[in-house]
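Novice: Letter by letter, the chains look like this.
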Amino acid sequence: MSAAATTIAHEVPPQAGPRAFLRRLRGGDEIAHLITLTFSALILLITSMLVYELWANSHLSRAKFGWMFFWTRVWDPNFDNFGAAPFIYGTLVTSAVALCLAVPLGLASAIFLSELAPRKVSDVISFLIDLLAAVPSVIYGLLGIFIVVPVMRTTIGPALIHTLGNVPYIGALFHGPNYGVGFLTAGIVLAIMVVPFIISVSREVLLTVPREQREAALAMGATRWESTWKVVVPWARTGIMGSVFLALARALGETMAVTMVIGNAPTIAASLLSPGDTIASTIASQFTEATGDLYLSSLIELGLVLFLITFILNGLARILIVATGRGGGRPA
Amino acid sequence: MKKSLLVVSLALGLAAITAAQNGTVLLNSAGATFPYPIYSKWFDVYHTAHPNIQINYQSIGSGGGIRQLQAGTVDFGASDGPMTDEQLSQSKFKILHFPTVLGAVVPTYNIAGVSGELNFTQKALAGIYLGTITKWDDPEIAKANAGVKLPNADIVVVHRSDGSGTTYIWTDFLAKVSEDWKKKVGNAATSVNWPAGLGGKGNEGVTGLVKQTPNAIGYIELIYAVQNNIPYGKVQNAAGNFVKADLAGVTAAAAADAKNIPDDFRVSITNAPGPKVYPVSSFTWLLIPAQIQDAAKREAIKGFLKWMLVEGQKYNEGLTYAQLPKEVIARETKAISLIQ
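Going down the list, the protein sequences come from chains W and X.
Start counting the first sequence at 0; every next residue gets the next number (numbering that gives the first Met the number 0).
Start counting the second sequence at 0; every next residue gets the next number (numbering that gives the first Met the number 0).
A few of these clues could be false.
[As the list claims (entries may be wrong)] The calculated lysine-lysine pairs, modelled on DSS-like cross-linking and capped at a C-alpha distance of 30 Å, are:
#1 X:LYS325 to X:LYS243
#2 X:LYS181 to W:LYS63
#3 X:LYS91 to W:LYS63
#4 W:LYS63 to X:LYS183
Keep in mind that the hints were calculated from the coordinates and are not lab data.
Please construct the entire structure, taking both the sequences and the accompanying hints into account.
Specialist: Following this line, the structure appears as structure tokens:
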């Protein structure tokens, strides 16, 4: 917003004196400029204050552990030894599992709703999906505990161990004791939680693709599917990726639903069936009762690490969008 | 007519404001979640009896309670574990501990084909939680449960994932009865580096995992087990007897140890001596500054403490908290005069 306001303000030829200023003020340009500038500066201020607070309050932990904080695999409040490695691992693995499940599901649903379904059906379903997006995460956690966890333990887990578990390479992902809670369960619950975001945003984006694009493709002799997959989806690519990264952000930061189904054991294990823990879930669980100063400081540093991870992933997302921008898609 | 109404209501309003300035005392407190039900009952009943005193309590956790008290944002705090010497020395002012009620922690389990109450030796519990005893038919478990057919199945250990007073009591007990535990995991703490098992959030999270997972064992608060009819096992006490936790046994534990309670009431009563004592129990404390500048607040806190030790204790059992033993009440009553 502010960028637009700035350009408009600069297009006005510079005039000296308070009278010129007043004239522009009456036109509303100056006011709009100031207001939008202030608000966008506020966002910047909030973000930098957030980083500053995390940085300043994690001082004790940073001073004691340094870079080792990233590699240490122990989290021991009793002997004041803290490391983030298992939590970073858990956060990345659960989010990756969630996206692997949610992206195909979400994208396919969005394509169906925007391209194939009758408008009325599409509108009703979209309304329901928006409702799903608004369900509090603790509800998803309860669903996870009462439905997903038992099914994982009795059916899906053993099935995976007996089939994929024997396949070379992939087998390592599905072995060992199966408690029903763990990385995979957390990933599945997260996938259910983030799918509405992907569907909702992607559908909106797909609907904005101009009619002419579809007509042109069909006129060239493309089938309906070819026009959808080769023309409409690439056109909406940036928006779809946006929806995926929105989903990723939610998956990375989810606390309640994850902590209820992941098993909360800070372990690094190849098996997706193994219990683990994530950064957000650990902070949520342990913050209230963290008594020691170093303990508290380490929890805050975990928050800083989560911020860093989101920052890096968002950066990579930008690069990905730019890199895939050539060919096919709408000119940026 | 209208005018006189206005005058009357104005006068009433003014009276209310002056009353607020003169008489009403507002106390803010924060801390442990475990005693929250009884505290909110007490503060409510006390407010009804003394309308000019209102006590707010936020159950933000023991750690938060200690920090808020040290920062001076609350008038008093509450904690499930006594403050450490280090924490006390870091505080800018002297803090007194007042035990309020007693709580206990019990082992609960879900083993296929076992319906009766299991007996747990101290070694068995420590071994299970250390991960050295991994099968249900381990001799250490079997020898205390003659006649029970224990399966040759892996034990799934469940602990709390969130920091909690329940974990504090449980680890306090384990550290007292097992040298290995003390060496490997350390002393009592609200959260530790667990050598084995899964974590569940809250009593309900642990119960949920234990109920759902075959061959699991977990630990939960006695209150929670009683209120939700969750079966639990007996634990061997220092005298060698297997005791099923109940409120009387918990009070007995405190009474048996009353002589050994230091003057600052910072004491652990797990594994206390005595044949009927339930060994996994603990006080929970109010943390009160030794010097309170505001005279009205000081008198309000002292008044509440006196009431809590006599009248307040009567509400305990209705909410399944164990009462303080007489000896402790007598000593606490004396200690109230330390608040100045």
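Novice: Hint by hint, note whether the structure agrees.
Specialist: Hints versus structure:
For the proposed pair LYS325 (chain X) and LYS243 (chain X), the alpha carbon gap of about 23 Å is at most 30 Å, so the pair holds. Under the criterion of a C-alpha separation no larger than 30 Å, the hint pairing LYS181 (chain X) with LYS63 (chain W) is consistent with the structure, at around 24 Å. A hinted pair counts as satisfied when its Cα atoms are at most 30 Å apart, and LYS91 (chain X) with LYS63 (chain W) qualifies at roughly 25 Å. For the proposed pair LYS63 (chain W) and LYS183 (chain X), the alpha carbon gap of about 22 Å is at most 30 Å, so the pair holds.
Figure legend: structure checked against the earlier numbered hints; every hint is met.
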